[in-house]
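Asker: Place chains H, W and Y on chain X using the hints.
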Amino acid sequence: MADSTAHADHGELSPARSALIYVGLLALTVATYLFSRHNLGTWSVVIALVIAIAKASLVALFFMQLWYHRGSVRLALATAVLWLFLLTFFVVADVKSRYPLTNPNTNPLWEPPAAAQGHSPPQPSPSGRP
Amino acid sequence: MNELLRNVLFLPEQASTFARKVDSLHYFVIITTMIASTVVGLTALAFFVRFRRRSETQVTPLLNPPWWLEAMFVLVPLGFFLAWFARGYSDFVELKTPPKDSMDVYVQAKQWMWKFSYPDGPNAIGVLRVPANRPVRLMMTSRDVIHSFFVPSFRVKQDVVPGRYTETWFEAIEPGRYQILCAEYCGTNHSLMRGEVIVLRPEEFDSWLADQRRGRALQQDGAPTTDEDVASVADLVRQGEKIAVQQGCLKCHSVDGSPHIGPTWLDLYLRREQLEGGGTVVADEGYLTESMMDPRAKIVRGFNPVMPTFKGKLAGPEVAAIVEYVKSLRSVPVEQARSRRPVYEPIRRR
Amino acid sequence: MSPSEGVDIAFPAHHYLNEGTTVRSWLLTRDHKRIGVMFLVAVILALLLGGTFALLLRFEHLTPGPTYVSAVTYNRLFTLHGVIMVWFFLIPAIPSVFGNFFIPIMIGAKDVAFPRLNLASLYIYMFGAALTTWAMIHGGADTGWTFYTPYSTTTTTTVAPMLLGIFILGFSTIVTGINFIVTIHTMRGPGLSWMRLPLFVWAIYGTSIIQVLATPVLGLVMLLVGVEHLFGFGLFDPARGGDPILFQHLFWFYSHPAVYIMILPAMGVISETVAAAARKNVFGYRAVAYSSLGIAFVGFFTWGHHMFVAGQGTFDAGAFGVLSMFVGIFTAIKVFTWVGTLYRGAIRFTTPFAYICGFLFFLVFGGMTGIAVATVSLDVHWHDTYFVVAHFHFIMVGAAMMGFLAALHYWFPKMFGRTYHEGWGLVSATLIILGFNATFIPQFLLGNMGMPRRYYDYPARFQSLHVASTAGSTLLFFGFMIIFIYLALALKYGRAAGRNPWGSRGFEWETPSPPPLHNFEKLPVFTHGPHEYQGTAEVPHAA
Amino acid sequence: MQPEGHVQEHFANIDVQRQAARLGMWAFLGTEILLFAGLFAAYAEYRALFHEAFVLGARHLDARLATVETAVLITGSFAVVMAHHYAKTSKAGMTCLSLVVAAATGLAFLMLHGIEYWHHFEEGALPGKYYSFPEIQTAGASMFFTLYFLMTGLHSLHVMAGVGVLAWLAWRASMGAFSHGNYNVVEMGGLYWHLVDLIWIFLFPLLYLV
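Chains as they are written, first to last, in this note's numbering: chain X, 296 to 425; chain H, 592 to 941; chain W, 785 to 1327; chain Y, 1037 to 1246.
Okay, chain X solo, but in the shape it has when bound:
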């Protein structure tokens, strides 16, 4: 827990640098759009994510001035992003390592639960049971 109380901001985000970053972001947006036009299979996902991470780090580091503030502020962002990855990783790992028939869409036997919708739980006595 790097200690970051009360120290002056060293360095500033000058308008010139922020304009440069703005143009860079626009360029990346157009680039990612063009990449998506022709289908590169699994590579298209990778490229799109790489460009998105690049744009996000530009915004976070300069527009949100993380570049100029050390310590706890960065840790807050890093932890939140790590938790996002943690949740996504284990959810997808679970889907992949599950018993195959427990995943949706391999078993369309299941009709829409019209019957379940109309279920009024407080049935007086269950069918046939004392």
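Don't take each hint at face value.
[Claimed, not checked] Straight-line Cα separation of at most 25 Å, BS3-like style, residue types lysine-lysine; simulated pairs: (1) H/Lys-902 <-> Y/Lys-1165; (2) H/Lys-902 <-> H/Lys-842; (3) H/Lys-902 <-> X/Lys-391; (4) X/Lys-391 <-> H/Lys-691; (5) W/Lys-894 <-> W/Lys-1306; (6) H/Lys-842 <-> H/Lys-904; (7) H/Lys-842 <-> H/Lys-889; (8) H/Lys-889 <-> Y/Lys-1165; (9) H/Lys-889 <-> H/Lys-902; (10) Y/Lys-1165 <-> H/Lys-904.
In short, the hints are calculated from the structure, not lab data.
Answerer: Here is chains H, W and Y on its own, set in the frame of chain X:
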């Protein structure tokens, strides 16, 4: 020793192979827990009696533990915990991979009752008959909400997810009657959703199964359900054939391999089909039921999409019956007793 | 240490309680101490309400069949017991009451970082509580506090208002968490480095990290279930390809760290009270401080052990199983340190110390059964049975409640300037510890026998243990009643406590009790860590 | 708030107060990221399950319009950065102007997004049981649009909140409240707006492009 500990801990009898394995780990874990907590409690009390405050101005030394003592107190519990995990996880993986030769039973959970149907045998409400000393695999699905199939005497529990299949297996070791309970909250009468596993000697079970298949034992075990007509015909396959004839499937699908409007059903099961828009599909239960519900989704090459959808016209059990019937159409002669599919590969290898 | 009767101590003329006595001065206060006291009142009301529901549940279980409540009412009762106890008592109890009151005093600050936000947190809590009470009166949900889909999205009982109430309450927790993190980071007094922070502050810091990082996911889940229940978006609906197990992932991603929100502050309280009762420095300060952070971070990796039998993949079951084992070692370090603190100390048997003993036994026994339940193959038998119910009640009622009561008794003189009657304190402590054991040990055995959770009607073979458990719960209930009686009396008739009735070297005992509006006559300068008793032990009541 | 940066009584000095506000804001942004984390996890799972339906769904959405929306949001971010710069150099007029521009970009984004929603309402590509879109009938198609509406809907709510914050800041700037001594509030509003942009930077490729 096992009996003594089992009674002390109020554990139900150990009626399955898995139960005995789990209970040995259970004893080790619970005894260590009791020892550890009593040791901590007694040490605290001993320290209190030994170091009680004698005078108001008593001075106490500044003490901090050496690093090795602290490290030891972390590593010793961690060692215990990881040992338990290793043993526990290997048992769990074994519980998750049913043996190859296990007998198949379809379980359907519905708000507040259990329904069991044997692939080539009878249906039963609330009572599951299994042979002793043979692994039984349960393919379970639910009609409405999440239930959980729990047999305390077998130490086996598995949630039943609606719309999907979850599987578990057990091998009962001694004949008897063991209670089934629902362990996942599923509504008003969650506590009344009980059933019974009746374990018979293998020869007893085979004779019961043969009776059922000949349709002689017409009276149903357990209470008949009111809102669902329990198929009286003993044989699911024959029932599937009856429905296929009623619904007019056989007008387009031949059963003896001859070409017809739709693909033939002979040897269709687990055959790799070439699809219209390229790509292939293995005709397993999933594909068979999907093509009944939504025929245009995957058309086999060389056939035109004329098949009407049966969504809403066929209830779940009827679709399952037709799927069984398709599976039974084999040019190779059908072996009565053993069910060979679906093919299980142990989870680890994939 | 029962304060010496003879000396009559002067009750300070000016303090935060008589700064302004109009109702308006209380409702619009920005003083963290008053907000803490108001939270205390709200939290105790929630405890009483949740406790009566618990008693109703226990009495229903006296006989297998319907005893005096119908199945639907029983299902609503255990849902409300869960919701009220988890969200309205356990989560806000120690952080919002004692955290609010003592964090600024312990770190030498006049107030928390965002006082207005602190008051907003109280009003958000009140609004959430009002909405949930309204939902309760209009039938209340019968889904259990876990709201598992698809039952929670297809039941016809009023689920939506309760979900909204909990969604709103989540903001109160987030805001408290943010407040404490910023206060501890930026407003520590001169000379107070991280390694001199009192251990209660460390525990609240770890809890705030969990509060801030876990509660948003709960907010999202409540929103998704509400939307699914009202409009049928099909995110968890199996008919449209939805996956009910995804709901469990998202829910337990919040709910497991939430149980650490409940236990971590209690551990912080015990670290303080053990050092004060034994009048000795904490045995290994650094280990306890870092283990609070350890629990806060590793607590996020273990949520899957609630879903071993839910249809989860074997890889996830293994990964969550191993990670759950690592969380246990941080509790082990703390227990070792507390027992070590008693070694060569000067212990006086006071009511807080009685709760410390109860806490130690219940935390070790509850924690170890937790590790046992996280052992994958054992969980198959125990999942959703009374064994799990007994385990988490050992941790929540046994450990977290004992921590809350220890804090209430230890800091009562500092918060209200008066002392309670020590004799009655010990009587109620013994009653509660005995009553607790009598209630929950039988439930461990019920779990072993295979008695499932949330059962309105149960097979007859479980009845004898249920009757024993119900008897124990009445004992527990009387124990609590006695506490509220003598504490309420002490508010008015207790003797003036003076600055330091326990002779403790915690930082909060530097200011007079009850403390003035801005906590200190002059801002303290910190030259040493907390609870350092070597050298001449300070004689209590030195004005 | 007096113009020259009022130090609240319980803070040591103005720098501590700014650092406290910044840390508090970042903790709040952490909660926003985790709020969307649940939806990203749901997206990841359902994409892994219904890959085919998600690719068809993404191809069906109007990527060109989305690219314009992204550019609009990034312009908004840039405007807020400039507003922060002007506030620091006590140019009240320019601060107010750039804040108004930023709020305008937010409104533009919402309008473009409204057009997309209207388009989907017309063709019936709606979530869950309302799904009646003939073109894509593969399994899980309604799931793609459920996630699309949930993610972009929640994001649009945050954009609306952001526009409200920027409008309030612009009104305060026009009253001359911000100067070299007291620009912290502009920075906080800017941080929130940048986060809204950050989340859209990830939503855009995941929903529209891949």
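Asker: For each hint, tell me whether it holds in the structure or not.
Answerer: Evaluation of the provided hints:
1. H/Lys-902 <-> Y/Lys-1165: This hinted pair holds, its Cα atoms lying about 16 Å apart.
2. H/Lys-902 <-> H/Lys-842: Given that 25 Å is the threshold and the Cα spacing comes to 19 Å, the pair holds.
3. H/Lys-902 <-> X/Lys-391: Violated, because 29 Å separates the two Cα atoms, which is more than 25 Å.
4. X/Lys-391 <-> H/Lys-691: The hint holds at about 22 Å.
5. W/Lys-894 <-> W/Lys-1306: Satisfied, since the Cα-Cα distance of roughly 10 Å is no more than 25 Å.
6. H/Lys-842 <-> H/Lys-904: Holds - the C-alpha atoms of H/Lys-904 and H/Lys-842 are around 17 Å apart, at most 25 Å.
7. H/Lys-842 <-> H/Lys-889: Cα-Cα ~20 Å, so holds.
8. H/Lys-889 <-> Y/Lys-1165: 23 Å, holds
9. H/Lys-889 <-> H/Lys-902: 16 Å, holds
10. Y/Lys-1165 <-> H/Lys-904: 20 Å, holds
Hint check: a violation occurs at hint 3 only; the rest are consistent with the structure.
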